[in-house]
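Enquirer: Dock chain B against chain A, hints included.
2 protein chains.
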Amino acid sequence: MPELLDSAIDEELRTFFTEARIRAGAYGAHYAALWESIEQQSSGGKRVRPRLVWSAYRGFGGADRAMATRVALAFELLHTAFLIHDDLIDRDTVRRGAPNVAGRFAARALEHGADERASAVWAETAAVLAGDLALSRAHREIAMLPIPAERREALLDILDRAVFISAAGELADVTGSLRGTTPALEAVLSTLEQKTAVYSFEAPLAAGAVLAGAGPEIVSALCRFGRLVGVAFQITDDVLGVFGDPAITGKSASADLREGKRTALIAHAATTAAWPRIAERLGDPALDEDAAAELRAALLECGAREAATALAEEHVTLARYELDSAELPAELRVELHEFAQRAMERVR
Amino acid sequence: MPELLDSAIDEELRTFFTEARIRAGAYGAHYAALWESIEQQSSGGKRVRPRLVWSAYRGFGGADRAMATRVALAFELLHTAFLIHDDLIDRDTVRRGAPNVAGRFAARALEHGADERASAVWAETAAVLAGDLALSRAHREIAMLPIPAERREALLDILDRAVFISAAGELADVTGSLRGTTPALEAVLSTLEQKTAVYSFEAPLAAGAVLAGAGPEIVSALCRFGRLVGVAFQITDDVLGVFGDPAITGKSASADLREGKRTALIAHAATTAAWPRIAERLGDPALDEDAAAELRAALLECGAREAATALAEEHVTLARYELDSAELPAELRVELHEFAQRAMERVR
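The listed protein sequences derive, respectively, from chains A and B.
Using the numbering used here, read the first sequence as starting at 1 and increasing by one per residue.
Using the numbering used here, read the second sequence as starting at 1 and increasing by one per residue.
By construction, these hints were calculated from the structure, which means they are not laboratory data.
Honestly, I wouldn't trust all of these hints.
Cβ-Cβ distance ranges computed for the label pairs, FRET-style [said to hold, decoys possible]: (1) Ala66(A) x Arg23(B): 32 to 38 Å; (2) Ala310(B) x Ser43(A): 46 to 52 Å; (3) Arg346(A) x Pro285(B): 48 to 54 Å; (4) Gly97(B) x Glu259(A): 37 to 43 Å; (5) Met67(A) x Glu11(B): 33 to 39 Å.
In silico negatives: residues of chain A with every beta carbon more than 12 Å from chain B [stated by the list, open to error]: (6) Ser43; (7) Gly45; (8) Ala255; (9) Ala274; (10) Leu287; (11) Thr317.
Now the stretches of chain B that chain A is said to cover, found in silico as 3 or more residues with beta-carbon under 8 Å [what the hints assert, rightly or not]: (12) 24 to 33; (13) 85 to 94; (14) 124 to 133; (15) 136 to 144; (16) 161 to 168.
Glycine is no exception: its CB is placed at the ideal position from the N, C-alpha and C atoms.
So that you can see chain A by itself, here it is in the shape it has in the complex (with noise of 0.2 Å):
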């Protein structure tokens, strides 16, 4: 079932996509060039968000399989929109082993015979524009929903408090991370929380159910629900981040380290006698791959892929305790036990 959503998605967004490149076209070919690097960040990812709609939808017996797409698109544009400001806010060029959207505009620039300097201000105006209009069409889609007044306002709130929460998140991670303090366990959690669990778990499982028609309290334990396995998901990704087989994930094993990303992997390193030894290092850009390898082992000893795996497994207790408690859908409660099950068994 999710391999069929993932085709219709894959249709709606190349159809979106397809039409507004076309309608780009008559303001220019550098426009078209922009609105194709924005289709080419939303292809690639692995569509977590539009699953998390369907299941939700599909659970509470929702059966119109173009409405649910409708809305599993806009979140997805909403998570390509967060991408490439993301990117943008940490000067990245590069995104799932491909050059982003500023580093295609950079590139498109030098071709077109623009300086170093020019080139990054081309960069940086696509990838301000690029969000802004991914952003604008997440908007849309949920706003031109044919459906009730009231549901389209509930769906408009989730969306909403998606931004809000969002933005608190992506502001307090980075004036975290620059004001170069030992980061607390607390402070970690609720900014993976705020920056991605809430529109990449909560929203679309909240949309989807709402769109079914389902009641606030069941809503309610579905975004609990969201909020912790999201949070799950995230730690588990930063601690396979550091340990994890890059040629599984797909990033190297050093970067993070290298960046010295504020996790929760660190925030347990930070409470340990360890911890003097590995802030010296941490977060050094000349990071060898030596070096690395003895952080990793210095947060193996010290028992920080210890913690950080069994805080991970705590937030999924507390996660499936939310799917035994709400009246769910049989169905719908298996599906998200298991999805619940993955967000562990990736790491273990």
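Expert: Positioned in the frame of chain A, the structure of chain B alone reads:
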């Protein structure tokens, strides 16, 4: 009457931002400060867009002031979002003589002990997020209007067109100015139309008219009027940017020359024998006041000022022709004629 509307808009903005700041406070003082900086960015403008929404709405017999205020608020917040992201792209930290969102957050970061690099990242993050939040609220304001679906969807289409075309114009403006070639008049005018006239003049007029129930033909005429008068205003602004009294325009009369801004003035100068002499100094960031005065004299002498002013007048004439050809309510026609006239009176 415009004064009454101004106070209604100010009141609506105040209420909205007060709620947002309280809501944001739950996510930390920095996030509340971010909302405060959006509020500051949205104050001090001339409220051109709200006034146009209101003129068109009232002109077509609209009587629900609260509803019109919400639409006006949406366009004011769209404008705020575009200003913030435009400043981000231009790397400006000052707007209307005061620190903008980035400027405020750079200072805030330094107060919190951040170094120069960290302060720049804070500032950029704040500008990205502030624009996203204002843009999202503009969408939400229209999407939540309690009006019949057909009318709300027509308003959403107007908003969608405004966002789509403004992004095209912003991209064309940046890529054009970086290419370093001589600006052609046609490209300058279409960029003015796309980047500013559509979202600032066409869309607010169309939105007010549609909200009041005006028919598609008359809305199209208003759109044409809006684009023409919008281009006239921009040409005039650019002339004033070079020849105006800084005490009245509120901006330095050398800034556009130092920046090498591609205006109708410059596009005309590029077709005259004076161009090599002008091109030599134009866009020099180190241009002093004497050199700026010389450039100004050269632009006057080669006929660029006269040509740009005549071009603005032509646009006003065409705009007024649209007013006389359309079946407009008499009072609205008079009001819009006066509005068009103002585009000229500022520069003559």
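Enquirer: State for each hint whether it applies.
Expert: Hints, one by one, checked against the model:
no. : hint                              : in the structure
1   : Ala66(A) x Arg23(B): 32 to 38 Å   : holds (34 Å)
2   : Ala310(B) x Ser43(A): 46 to 52 Å  : holds (50 Å)
3   : Arg346(A) x Pro285(B): 48 to 54 Å : holds (52 Å)
4   : Gly97(B) x Glu259(A): 37 to 43 Å  : holds (38 Å)
5   : Met67(A) x Glu11(B): 33 to 39 Å   : holds (38 Å)
6   : Ser43                             : holds (21 Å)
7   : Gly45                             : holds (20 Å)
8   : Ala255                            : holds (18 Å)
9   : Ala274                            : holds (26 Å)
10  : Leu287                            : holds (19 Å)
11  : Thr317                            : holds (27 Å)
12  : 24 to 33                          : holds (count 5)
13  : 85 to 94                          : holds (count 3)
14  : 124 to 133                        : holds (count 8)
15  : 136 to 144                        : holds (count 6)
16  : 161 to 168                        : holds (count 5)
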